[in-house]
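**Q** The chain contents come next:
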Amino acid sequence: MTELFRPGDRVRARRADPPHHTRLPRYARGAVGMVLERQGHYPLPDDRARRLSGEPEPVYTVRFAAAELFGEGDHTVTVDLWESYIRPATPEAAG
Amino acid sequence: MSGDHTGTAATLAARVRHLEGLLERRGLVDPQELDRALEAFLARASPANGARLVARAWLDDGFRARLLADANAALPELGLSMGGGLQEQRLKVVENTEASHNVIVCTLCSCYPIALLGPSPTWYKSEAYRSRVVRDPRGVLREFGFALDPAVMINVWDASAESRYMVLPRRPAGTGDVDEQALAARVTRNGLIGVAPV
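The listed protein sequences derive, respectively, from chains D and V. Residue 12 is where the first sequence starts when you use this note's numbering, and the numbers rise one by one after that. Residue 28 is where the second sequence starts when you use this note's numbering, and the numbers rise one by one after that.
Hints may contain errors.
[Stated by the list, open to error] Derived Cβ-Cβ restraints for the label pairs, each shown as a range:
(1) V:Arg-63 with D:Ala-100: 41 to 51 Å
(2) V:Arg-53 with D:Leu-63: 19 to 29 Å
(3) V:Phe-90 with D:Arg-17: 23 to 33 Å
(4) V:Leu-39 with D:Gly-19: 33 to 43 Å
(5) D:Thr-101 with V:Arg-63: 15 to 25 Å
(6) V:Asp-87 with D:Pro-29: 39 to 49 Å
(7) D:Pro-29 with V:Phe-90: 39 to 49 Å
(8) V:Glu-207 with D:Thr-101: 45 to 55 Å
No wet-lab data here; the hints were simulated from the structure. Just so you know, these numbers come straight off a predicted model, no measurement behind them. Note that beta-carbon positions come from the ideal geometry of N, C-alpha and C, so glycine has one too.
Input sequences plus hints: build the corresponding full structure.
**A** Structure (structure tokens):
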């Protein structure tokens, strides 16, 4: 599986609140951040928890400004996100 | 984030024991082999490993560059690895500088580089640390007695997927003639997580 994103890309974390296990932290949902690094390919935990087989997918290191996440703060929070958890950071792709 | 793990630890331990019993009775695992594997892993897993990496990185710029670029490839230079579990885990070492400081957390559970830091401290798994350090890292550091210069930027790393993180602290001033072993002795577990200067 090829990677959709590269370092420097701005991405928005999905807003969806799935009714199953996921590893997209709630505080990051809907927020826009920047891809720092590609980490390789790993099975999606949402699939594994439901015993669905799926191809391993790209995981990215994504950095968010605290102000974007919490409305305040001068620090950053860097989160590891599977490709399914993010979209290009354009208004129409939000969610 | 998920709930308070401390409240469910007893239940979880009971479930693991039950599963282990079933696997043993059906001849799928050898209990002694399981004990040996666990003991061998935990005997090697200690913050002394992380401290050795830091001391070497302080003394050897080439090693520091290799450690920051691809930690898994650099670890064997000191006889270390991120193996020992089901699969080798990806390690990312993040370097503190004059301008920026790093702090590690796992907000979703308690991901931690056990092979290099040993079992994690109880507070690392607490809901208070996990929820607060992403929002107010400066405040949390103050509670650890660490007054970081307000001009220094903080980067919090949430180990939310398969990677594990370790902080490379700044070398203390006035340690120019200190040898590698003595430098390693200066490094604390909290420094490797980022809640202490070293």
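**Q** Hint by hint, say whether it matches the structure.
**A** Hints, verified against the model:
For the pair V:Arg-63 and D:Ala-100, the supplied restraint of 41 to 51 Å holds, since their beta-carbon distance comes to about 50 Å. In this structure, V:Arg-53 and D:Leu-63 meet the distance hint of 19 to 29 Å, their C-beta atoms being roughly 26 Å apart. The supplied range of 23 to 33 Å is met by V:Phe-90 and D:Arg-17, whose beta-carbon atoms lie about 28 Å from each other. Separation of V:Leu-39 from D:Gly-19 is about 41 Å and conforms to the stated range, judged on CB atoms against 33 to 43 Å.
Between D:Thr-101 and V:Arg-63 the beta carbons are some 54 Å apart, a value that contradicts the proposed interval 15 to 25 Å. Remark: the range hint 39 to 49 Å for V:Asp-87 to D:Pro-29 is upheld by a beta-carbon distance near 46 Å. A C-beta distance of roughly 43 Å is found between D:Pro-29 and V:Phe-90, which places it inside the suggested range of 39 to 49 Å. For the pair V:Glu-207 and D:Thr-101, the supplied restraint of 45 to 55 Å holds, since their beta-carbon distance comes to about 51 Å.
The earlier numbered hint that this structure contradicts is number 5, and it is the only one.
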